[in-house]
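Chains A and B are the protein sequences, given in the same order. Letter by letter, the first sequence follows residues 1 to 103 of my numbering. Letter by letter, the second sequence follows residues 1001 to 1103 of my numbering.
None of the hints are false.
Footprint (simulated), chain B over chain A, 3 or more residues, beta carbon under 8 Å:
1) 4 to 17
2) 67 to 77
3) 96 to 102
Here are the computed lysine-lysine pairs in the DSS-like style, where the Cα-Cα straight-line distance is at most 27 Å:
4) 2/A with 1088/B
5) 88/A with 11/A
6) 1088/B with 1011/B
7) 88/A with 1002/B
Hints are computed from structural coordinates only; laboratory data are not their basis. Glycine included, every Cβ here is placed at the ideal spot set by N, Cα and C.
2 protein chains.
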Amino acid sequence: MKFVDLRDVDKFTADRPHRELLYDSPNLRMLTFNFEPGQELPVHSHPSDSEVTLLILEGEGEFLGTHEMPARAGQLQIMPVGEPHGLKARTRLRLLVIIAPTL
Amino acid sequence: MKFVDLRDVDKFTADRPHRELLYDSPNLRMLTFNFEPGQELPVHSHPSDSEVTLLILEGEGEFLGTHEMPARAGQLQIMPVGEPHGLKARTRLRLLVIIAPTL
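Isolated chain A (complex conformation) (with noise of 0.2 Å):
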């Protein structure tokens, strides 16, 4: 079993989104990234048939790519990974990204 208590994972840095790996097996991966305001995850895809959940933690910002949109804390997309998809942070803002399966 695995334990994470998403308050600890709090580490931001200047020059780029913080990313952390939480978990990973052959079924799921979670991965988090921290955004500094103005921070991005570039829209970018992935040639697999898995599905990626970004799913807002904490904080204002905006869904790129396919499905443009403003962002919040408690709003979750769910897509098929090889649609274009990234993140734009307006305020500081924590993304829970799980992918299912592992690429």
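Since the structure of chain A is provided, determine the placement of chain B on it from the hints.
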């Protein structure tokens, strides 16, 4: 793409935890349970090689089963779905469950 605002998943019921299915594909199932204080998801397991994640969105309670421990908002357990797991709420509690792949 499936979009969910977890703030809209705000129903509670008196007789048992309120369950809502958010997403279901062969790779991934996501659902929520909203607990009134004292309500419980009884300890159970599933005969499968899937993994289950229990993420506390709000409130306080206790993880039950193989990995019994206090539970509060922002904490998550990731485990093989074959391991006995459950949850009991002490306050109003909202739980996000992620199963990958689908049972």
